[in-house]
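Enquirer: Sequence:
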Amino acid sequence: MGSAPPAPHKVRLAILEADTPVPGIQAKYKTYGGVFRHLFSRALSLDSLDSPDSPLAITHHDVVNGDFASAYPDPEDIDAVLITGSKHNSFDADPWIEHLVQYTRRVLEGGRVRVVGVCFGHQIVARALGAEVGRNTRGWELSVVPLELNDEGKKVFGRSTLSIHQMHRDAVLTLPPGCTPLASTDVCAIQAMYIPDRMISVQGHPEFTADMVREILELRKYGGILGDDIFADGMRRVGDHHDGVEIARTFLRFIGAGEEKVEA
Numbered sequence: 005m006g007s008a009p010p011a012p013h014k015v016r017l018a019i020l021e022a023d024t025p026v027p028g029i030q031a032k033y034k035t036y037g038g039v040f041r042h043l044f045s046r047a048l049s050l051d052s053l054d055s056p057d058s059p060l061a062i063t064h065h066d067v068v069n070g071d072f073a074s075a076y077p078d079p080e081d082i083d084a085v086l087i088t089g090s091k092h093n094s095f096d097a098d099p100w101i102e103h104l105v106q107y108t109r110r111v112l113e114g115g116r117v118r119v120v121g122v123c124f125g126h127q128i129v130a131r132a133l134g135a136e137v138g139r140n141t142r143g144w145e146l147s148v149v150p151l152e153l154n155d156e157g158k159k160v161f162g163r164s165t166l167s168i169h170q171m172h173r174d175a176v177l178t179l180p181p182g183c184t185p186l187a188s189t190d191v192c193a194i195q196a197m198y199i200p201d202r203m204i205s206v207q208g209h210p211e212f213t214a215d216m217v218r219e220i221l222e223l224r225k226y227g228g229i230l231g232d233d234i235f236a237d238g239m240r241r242v243g244d245h246h247d248g249v250e251i252a253r254t255f256l257r258f259i260g261a262g263e264e265k266v267e268a
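Residue numbering for the sequence shown follows the numbering used here, beginning at 5 and increasing consecutively.
Bear in mind the hints are in silico, worked out from the structure with no lab data behind them.
Don't take each hint at face value.
Listed below are the simulated BS3-like cross-link pairs for lysine-lysine, each with C-alpha atoms no more than 30 Å apart in a straight line [stated by the list, open to error]:
no.: 1; residue 1: K91; residue 2: K225
no.: 2; residue 1: K159; residue 2: K14
no.: 3; residue 1: K14; residue 2: K34
no.: 4; residue 1: K91; residue 2: K34
no.: 5; residue 1: K32; residue 2: K14
no.: 6; residue 1: K34; residue 2: K225
no.: 7; residue 1: K225; residue 2: K32
no.: 8; residue 1: K158; residue 2: K14
no.: 9; residue 1: K32; residue 2: K91
Computed from a predicted structure; not experimentally measured.
Using the sequences provided together with the hints, build the complete structure.
Expert: Structure below.
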């Protein structure tokens with residue numbers, strides 16, 4: 005009997021968890037790493053990412069709590085990182101945020117490990133690349149919002165239209181040097197950005213579902229963070245169609261775990 009063929013290489017993706025989910029999400033998925041595992045399993049049409057057919061080997065890393073030295077993976081041991089969303093401000097000087105910016109810059113400068121940023125992660129990538137991030141003077145952007153894709157955005161995402169869940173009032177205020185913008189909205193000019201073979205990021209949340217966003221909206225409304233009008237507007241659109249799974253497929257192609265890599 006001949007020897008078995010070698011197992012296919014799995015893309016080693018490190019998910020840098022920048023927050024703890026709200027109770028309902030935590031009960032179902034435990035961490036934001038679990039939320040992204042659920043998203044990528046749907047994008048790959050797999051019941052579980054533990055399947056031998058999965059092209060991903062995912063690790064989760066809590067970068068908010070604990071010792072910075074042990075929280076982060078060695079860049080030599082991974083192929084890609086994904087920085088999650090967070091309730092924290094990307095522009096703050098908290099030690100863990102400063103360390104995350106430094107690590108992201110180190111990975112980007114290394115050139116081999118690909119970087120994916122989502123919401124807070126999108127802003128951290130921009131900050132690491134020298135852009136300005138801060139509070140958006142246009143206020144909150146919530147629930148499902150259609151994006152205005154430019155020509156490069158249509159090419160990268162492989163679509164002419166794209167909608168995504170939003171949950172932010174901070175934003176990337178200036179485009180980082182060397183980045184290509186991909187999408188915008190009336191509220192937020194830099195909704196997605198891209199550097200071939202290095203990074204891709206989105207301001208929205210492809211990992212969120214209507215149930216997740218509904219819970220977050222309700223907690224923020226009754227916690228006094230959201231006013232009545234903006235809460236009602238967000239709840240009105242929370243169940244609209246969104247393209248989170250398609251965006252996840254773009255991420256997978258970009259890191260080499262999909263059908264083809266995104267090319268400029």
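Enquirer: A separate judgement is required for each hint: does it hold in the structure or not?
Expert: Taking the hints in turn, this is what the structure says about them:
| no. | hint | result |
| --- | --- | --- |
| 1 | K91 with K225 | 15 Å, holds |
| 2 | K159 with K14 | 26 Å, holds |
| 3 | K14 with K34 | 24 Å, holds |
| 4 | K91 with K34 | 17 Å, holds |
| 5 | K32 with K14 | 26 Å, holds |
| 6 | K34 with K225 | 23 Å, holds |
| 7 | K225 with K32 | 22 Å, holds |
| 8 | K158 with K14 | 28 Å, holds |
| 9 | K32 with K91 | 19 Å, holds |
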